[in-house]
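Since the structure of chain A is already known, use the hints to place chain B on it.
Read top to bottom, the protein sequences are chains A and B.
In terms of our numbering, the first sequence opens at residue 19 and continues consecutively.
In terms of our numbering, the second sequence opens at residue 540 and continues consecutively.
Since the hints were made in silico from the structure, they are not lab data.
Ideal Cβ positions, reconstructed from N, Cα and C, are used throughout, including at glycine.
Don't take every hint at face value.
With the Cβ distance kept under 10 Å, some of the chain B side facing chain A (calculated, not the full set) [to be verified]: (1) Asn916; (2) Glu1065; (3) Thr1154.
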Amino acid sequence: MSPEQKRRGALLLSLMVGAAALGFLMFGSLGDNLVYYWSPTELIDAGTKAQGASIRLGGMVVPGSVVWDEGGKSLTFQVTDNENTVTVHNRGVPPEMFREGIGTVVEGTIDRAGVFQATRLLVSHNNEYRAPDQEDGHMDDPFKSVEGL
Amino acid sequence: MISTLGQLLIHAALIASAAGIVVSGVAAVRDSAQAHALARRLAYAAAAALTLATGAMEWALITHDFSVSYVAEVGSLATPPIISVVSLWSSLDGSILFWALVLALYQAAFAWRTRDAQPRIASWALVMLQITLVFFTGLVVSVATPFAPLSPAPLDGPGPNALLQNHLLMAIHPPTLYLGYVGMAVPFAMAMAALLTGRLDAHWMRSMRAWSLWVWSFLTLGILLGGWWSYEVLGWGGYWAWDPVENASLLPWLTLTAAMHSLVVTSRRRRFRSWTLSLIIVSFLLTLLGTFMTRSGVFNSVHSFTQSPIGPLFLSFIAIVLVGSLAVVALRLDKVEVGDPPSYQPVSREVMFLLNNLLLSTFAFTVLYGSVYPLVNQAIFGSQISVGGPYFERFAAPLSIGLLALLGVGPSLSWGRTGPGTAARQLAAPVALGLVAGVGTALAGVSGWGVPLAAGLAAFIVTVSLREMAAPVMAALRKEGGTTAAQVARAWLRSRRRQGAHIAHIGTAIAALAITASSSHKVEGEITIEPQQTVSWEGYDFTFTGDEQVRQSYRINHRANLIVRRAAAELGAMEPSMNYYATMSQPLGTPAVMNRVSEDLYLSVVRLVPEGSVTVRAYRQPLVVWLWIGGMLMVLGAALGAWPKRDARP
Chain A
19 MSPEQKRRGA LLLSLMVGAA ALGFLMFGSL GDNLVYYWSP TELIDAGTKA
69 QGASIRLGGM VVPGSVVWDE GGKSLTFQVT DNENTVTVHN RGVPPEMFRE
119 GIGTVVEGTI DRAGVFQATR LLVSHNNEYR APDQEDGHMD DPFKSVEGL
Chain B
540 MISTLGQLLI HAALIASAAG IVVSGVAAVR DSAQAHALAR RLAYAAAAAL
590 TLATGAMEWA LITHDFSVSY VAEVGSLATP PIISVVSLWS SLDGSILFWA
640 LVLALYQAAF AWRTRDAQPR IASWALVMLQ ITLVFFTGLV VSVATPFAPL
690 SPAPLDGPGP NALLQNHLLM AIHPPTLYLG YVGMAVPFAM AMAALLTGRL
740 DAHWMRSMRA WSLWVWSFLT LGILLGGWWS YEVLGWGGYW AWDPVENASL
790 LPWLTLTAAM HSLVVTSRRR RFRSWTLSLI IVSFLLTLLG TFMTRSGVFN
840 SVHSFTQSPI GPLFLSFIAI VLVGSLAVVA LRLDKVEVGD PPSYQPVSRE
890 VMFLLNNLLL STFAFTVLYG SVYPLVNQAI FGSQISVGGP YFERFAAPLS
940 IGLLALLGVG PSLSWGRTGP GTAARQLAAP VALGLVAGVG TALAGVSGWG
990 VPLAAGLAAF IVTVSLREMA APVMAALRKE GGTTAAQVAR AWLRSRRRQG
1040 AHIAHIGTAI AALAITASSS HKVEGEITIE PQQTVSWEGY DFTFTGDEQV
1090 RQSYRINHRA NLIVRRAAAE LGAMEPSMNY YATMSQPLGT PAVMNRVSED
1140 LYLSVVRLVP EGSVTVRAYR QPLVVWLWIG GMLMVLGAAL GAWPKRDARP
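Isolated chain A (complex conformation):
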């Protein structure tokens, strides 16, 4: 091998090692930073895998389930997709439009006791009325309308 070829070989090798390292890093960090968009049913199906994961839970606030904590600084309520129901605890004042029976998306994670600890509560903005997809129990609509807000 000529010195020129050797140099090229070394360069190629270092580029390949660099690319492999980058790929490994990318794959790893991606797995650590995924946010799951789940309905209560999907959240329950995920089981213990859901504990500690970043989750956006979408569904409807169950009428009659909203309980304010003392001082009105946090509240507990239930979110349903008409199949399963998850209890949500939210710290902080909810947005003005928050009420029972409304579509909501909460961000946070589920704790060991099975209570969803929300760090952010969004009320879904629907420009137009669309009936939720009843067939498979999925409610994709709440996500559609809060992104970017």
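Showing chain B alone in chain A's frame:
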């Protein structure tokens, strides 16, 4: 009536551009003067037809002609005229029409500027532009049909998405970004023409650089205005969320930035030919991918409209361009003559440019992976996920540090080779100033290592850039004498592009520091205030003087009036509000932002009870204003370089 006229005009544009492909192709192969001239005329004809068509659509929007389907979709009698005008790009069909218009105008401008240039290569470029235009006018004719007639015409419409009515920036951000996005087609067409003809001479490269700089200016301005809009309107206290559609605009920006730098090396040192051409082609592909991501409804976002058959068509077009351009690169790259390149050593400006290309490409690749992964995941597993900001930041931070370091080192080294002594002399003072700034920032009590590092790098870059800007002036003063002012003016005229580049570099340094400081030192809180009460938060005193409801034609604006004081000095009033739109079941908030030199104060209403208390989410973020200033310097610098010289045609 307007429906029929519009339909006629867009069909005329489609015919003109389809004929344009054939005529430009014949012109390019046969190299006949008549065919070249006809190809240019067809480009002007398509532009004229689409201008008239867009004019007809605007007329229908302003006069609320609900017999036109697009007007029925986005118009409403209560919408103010200015919002009617900008609703051209507030929904899918209109925005595709606008895309086609911008492309046709670019194409006509390109045909005009290259009218006296080498006709073969210009005609090849026109073929590429016409193919793209046929695709977009084809969409307007077939699946995204803004001019479809509606009968019977409805009496009123819903009006555009309320979010898009909420700020004047909606009138500027989308067209600016379109000028950047769509304009990418021109450098792409030029790169393909260079490959097809096997010629990449100095003239063509200079022209490519000028077009790329224009496109880059618009793209940068568009992204900047998008961030500003998000900050001023959405009320979450940030300007960038690594949202897939934001990433869609960042991707071509990163590769185009790399391409422009690579192009400098290709035109000055006849090196990096394959880098330059590939990066330009990739940038165009990424703008198509970005348009697909934002316009097909595959992502949930403020930018995406309802599902439509446009997605698969876009993917097919991207596939065609990808395969076609790959084939051309593979078959023709070796044929492109750029002349004999001078050699270079490891410590040289060339190598710094190479590292710049590598880092920017890596950056783009990591962002692409994180943005497309959710789509692939959904296609394969059917589950909805997104990739969180920390993934992107993990790569963006180290790569940006590397890029910023290059911004200082690169211009300090000379072409070919730089001896260690020269390099040390060139770098000593800027590095020392950078260290002083960095250590000084840390000693001043700023926590963390991010801000001191960014401050140090910024000082380093600014010093180098200022020295490089002053160098030609000093040399001329020594050699020719004269007044400083005269020599400064002369230096600007002589090397406007280089001066522009250094201004853009200074802007980048300032913006990078602002991004680091505002994201790492953001403080967030929630405050509830009763009427006439004062609450303190983070050194600010907020007095809530009451709420107020203002009735506007299209909405009710319910605002909280707050007076802000700091250390007894009154800073002014802030009025965060909630807006109630007749066409929406829920209100939309508008935050109040107080821009200060050192930090921004930002309030957004969580809850506002009529004649009761107000709850606001409050943010304080240092140096946000400097992001807009730095960004504007980047745009200004690039625009200075792009401005055509009188003798520099095409």
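Worksheet item: Failing hints, ascending?
Response: none
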